[in-house]
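Kindly generate the complete structure, drawing on both the sequences and the hints.
Number of protein chains: 2
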Amino acid sequence: MSKQIEIPAVAEFLRNCEDAYILIHMNPDGDCIGSGYSLQAVLKLLGKRSKVLCADPVPERFHFLLPEEPEEEFPAKSIISVDCADESRFGDLQEQYAGRVALCVDHHISNDGFAEYAHVEPDASSACEVLYKIYRELGVKFTKQIAECLYTGIATDTGCFKFSSAGADTHRIVAEIMREFPEIRYDLINRNMFVVKSPSRLRAEMLMLSQMEYHLDGKCTIIWETKAICEENQIDPKDMEGLTSLPLQPEGVEVGITIREQDDNWYRVSLRSADSINVSEICAKFGGGGHVKAAGCRLQGTSGEVRQILLNAIAEALNA
Amino acid sequence: MSKQIEIPAVAEFLRNCEDAYILIHMNPDGDCIGSGYSLQAVLKLLGKRSKVLCADPVPERFHFLLPEEPEEEFPAKSIISVDCADESRFGDLQEQYAGRVALCVDHHISNDGFAEYAHVEPDASSACEVLYKIYRELGVKFTKQIAECLYTGIATDTGCFKFSSAGADTHRIVAEIMREFPEIRYDLINRNMFVVKSPSRLRAEMLMLSQMEYHLDGKCTIIWETKAICEENQIDPKDMEGLTSLPLQPEGVEVGITIREQDDNWYRVSLRSADSINVSEICAKFGGGGHVKAAGCRLQGTSGEVRQILLNAIAEALNA
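Chains as they are written, first to last, in my numbering: chain A, -9 to 310; chain B, -9 to 310.
By construction, these hints were calculated from the structure, which means they are not laboratory data.
Do not rely on the hints blindly, as some may be mistaken.
The list treats identical chains as interchangeable, and a pair is accepted whether it falls inside one copy or across any two copies.
[Claimed, not checked] List time: in silico DSS-like cross-link candidates among lysine-lysine, alpha-carbon distance up to 30 Å:
hint	residue 1	residue 2
1	K283	K134
2	K38	K123
3	K41	K67
4	K209	K275
5	K123	K41
6	K187	K134
7	K41	K131
8	K187	K209
9	K209	K228
Below, the structure is given as structure tokens:
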């Protein structure tokens, strides 16, 4: 288990570290990218070199957060991870870096304590919110890039302040960032994060909405992401990512299901709850898990069997 | 022209008023509803009775903001308007109340000074943001209903904090509301305002997306809301309202156009700009107007003529 440390100790660690590698999670999102690159910039302000490592490329819409200068090559003396709940989140970098992380900064309640030292705030909206407080403790003067990284991380991890994770502290921190950097085009960041869609993504959304199944008196919806659908409609399977919020759009839905076809009759299932149903408990029955309102599991069978298994479990939860 | 007054004078006005009618604008949205009903609740705390008047019914998703007790009947001694830029916004109530408004609280830069006294803050995200400061000046202790009214008004008028109108003050105020009322389910308010859609609304969105026209190398998109489309697809024309943001979703779009069919070959046109084009200038050419990024006008002709007129004007703006 990690030794849990508080913010002053994290600041002390950062003041003393050298030649750091900063690990962020695979399939990187706004929060881990904002966390990783803001930390790199803060370490630079402290006179330290560091590099951000990720198993997967940073998607283009986040490229504005990257530093302009090319990264230097050097061996790691300190290994830090941000926004990673466990080492499997390192993806292809797991083999190389597992067991070697000195400091982990995170906001996942499920953080499994893989690092030597850890600062985890399960009530924070995002890793960027946690890092904001650490940077204030360090007393560094933010650059525009740091502010953009933090705003983007906080905004994306809260669905643009929509989710319950966006609390008073979240809004206070954003107010402070905006007061310091009124010139940043937060509205354009939001547009690129939450509004703009590629043609293939638009096709994917339309198709999923038009083929959505309604079950259990409209309290449960299902969308199917099958290989055939992607091929027939020339949809990049990447554009199917993150569609799991779609099934919660129709009025009256309690549980929205997204089922992705895998190989050998296996299906990856994502459950989302509108409010009252604990989908983590439902997924746990099938060896999966997650959060109360967002959880997942894997099931094997025909599509009809998988549908029936899930509907039975959800009907039971709705009647409980 | 109105006499412009500052917040302490507005507070003084409210402390001295009696039996107030509070006018909100027709087709009421979250901001004017939150403004009107929070003001009624604040006046009640000051020991004054008031009623909120609107030309149109309050949509059901906002009913949670209304007071539980039925409104009393009494003649008006003070008439106040909130979130109305001019008296035409009163809709069917204009005839009865035009020229009679004593105090106007607003955030529209286009406010035409119809009231005797006015407090207008064009930089505020919403009328609710302005009223928050007035209530603080009054020193009243917020109720949960007041907090919910203010949050809903601010969130809806900023597209859940997405637009450039959501600034440091906006987030600071929301942080203060959340700190005082952590028990409010802001996430559920957001879900009902920004996520949940009726079946007819979902059909409308899908249809508009699937029939969207791409012009000028993808820099301009058009959606058509015709009577035939509504009838063929059993879409309530009300569910076509507010779809004007859809044409801005595709990557690379600079101007998104929504064209609504009216009678006698007239079309109501809404233009939305992603960033660089001033659509208010374009609409002004056709006798319309609005904001830099959201404007409208009316055009007469065949659908082909209307399309060509608009595309010519937008091509010119793009080349300028």
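Each hint, compared with the structure:
1. K283 / K134: This pair counts as between: shortest inter-copy Cα distance 25 Å, intra-copy 34 Å.
2. K38 / K123: Close inside one copy (20 Å), not across copies (44 Å); limit 30 Å.
3. K41 / K67: within (11 Å within a copy, 68 Å between copies)
4. K209 / K275: within (20 Å within a copy, 49 Å between copies)
5. K123 / K41: within (21 Å within a copy, 45 Å between copies)
6. K187 / K134: within (26 Å within a copy, 37 Å between copies)
7. K41 / K131: Result: close within a single copy only, 20 Å intra versus 50 Å inter.
8. K187 / K209: both (28 Å within a copy, 14 Å between copies)
9. K209 / K228: Both ways: K209 and K228 sit 28 Å apart in one copy and 24 Å across, limit 30 Å.
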